[in-house]
Amino acid sequence: GAVVSQHPSRVICKSGTSVKIECRSLDFQATTMFWYRQFPKQSLMLMATSNEGSKATYEQGVEKDKFLINHASLTLSTLTVTSAHPEDSSFYICSASDGGKLDGYTFGSGTRLTVV
Amino acid sequence: RKEVEQDPGPFNVPEGATVAFNCTYSNSASQSFFWYRQDCRKEPKLLMSVYSSGNEDGRFTAQLNRASQYISLLIRDSKLSDSATYLCVVRTSGSARQLTFGSGTQLTVLP
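In the order they appear, the protein sequences are chains A and B.
So in my numbering, spot 110 of the first sequence is number 110, and the numbers just go up one at a time.
So in my numbering, spot 25 of the second sequence is number 25, and the numbers just go up one at a time.
Only chain A is shown next, with the shape it has when bound in the complex (with noise of 0.2 angstroms):
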C-alpha cells in the first residue's frame, strides 16, 4: 500500500530556533501534501496545503512566514518551524493524496516537536 514516511519523528530544539520536517511519498506521487498540527487532546486542525511546484495555500490563522513549506518534488514536501516558540510544541503530521487515486489519504507517522 501507499506509505509516506515523514522524519524527524521527534526533535526537541531550542527557543529561536528553525526545524525541518520531510515527508515523502514511497511508492507513489503525491500531487498534495497537508500539514496537519495536532495538541494534546484535540483533534487534527489543517495548516496547509501544498500542490507540487506551486505556493502553499494557508488556513486562517497559520503564518505562512514562519510554518514554511516546500513541495518541490511529486516525492517530497518539507515543513521548517522558523524561530519556534515553546507554544509551537506540537504534533505535526502530513498526508499525502495522489490526485484522486487512492480512496483515503496516507499520514506520515508524525513528528512531535518540543520547543525548550
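For the record, the hints were derived by calculation from the structure and aren't laboratory data.
Quantities reported herein were computed from a predicted structural model and do not represent experimental measurements.
Every clue listed holds true.
So the derived label-pair ranges between C-beta atoms look like this:
| no. | chain 1 | residue 1 | chain 2 | residue 2 | range |
| --- | --- | --- | --- | --- | --- |
| 1 | A | Pro86 | B | Thr108 | 24 to 34 angstroms |
| 2 | A | Ile12 | B | Asp77 | 36 to 46 angstroms |
| 3 | B | Glu15 | A | Thr82 | 46 to 56 angstroms |
| 4 | B | Asn27 | A | Lys14 | 35 to 45 angstroms |
All C-beta atoms, glycine included, are put in the ideal place defined by N, C-alpha and C.
On the provided structure of chain A, position chain B as indicated by the hints.
Showing chain B alone in chain A's frame:
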C-alpha cells in the same frame, strides 16, 4: 459550530460489548466520509470509508444518513485492541479535496 462534531467520550466498555459512535457534519456539500483510528501519539489510520448504503467490515459497521448529515460507527464484540480514539472525517468536493476531522471519540475496552 464545528464542521464535524463527535461525542468526545470517553467510552469505557467491557470486552465483548457493543459500542456505537455518532458524528454529525455541517457542510451539505460533503462528498466522502471516513472513520479513522488514532492510537496515542501515533498518526491516524484509515479504519473504513462510509458509503450511503452502509457498509460492514468484520465487527465494524458504518452508516451514513445524508438527509440528517449523520454518520455512525458500530463496533461489535469489542476487543482490548480496539482501545483508541476514533475520528470521524469528512471530505468536501472541490479543488482542495482536504479532510476535516472531528475531535475524536476515545474508547477504552476493559478486561
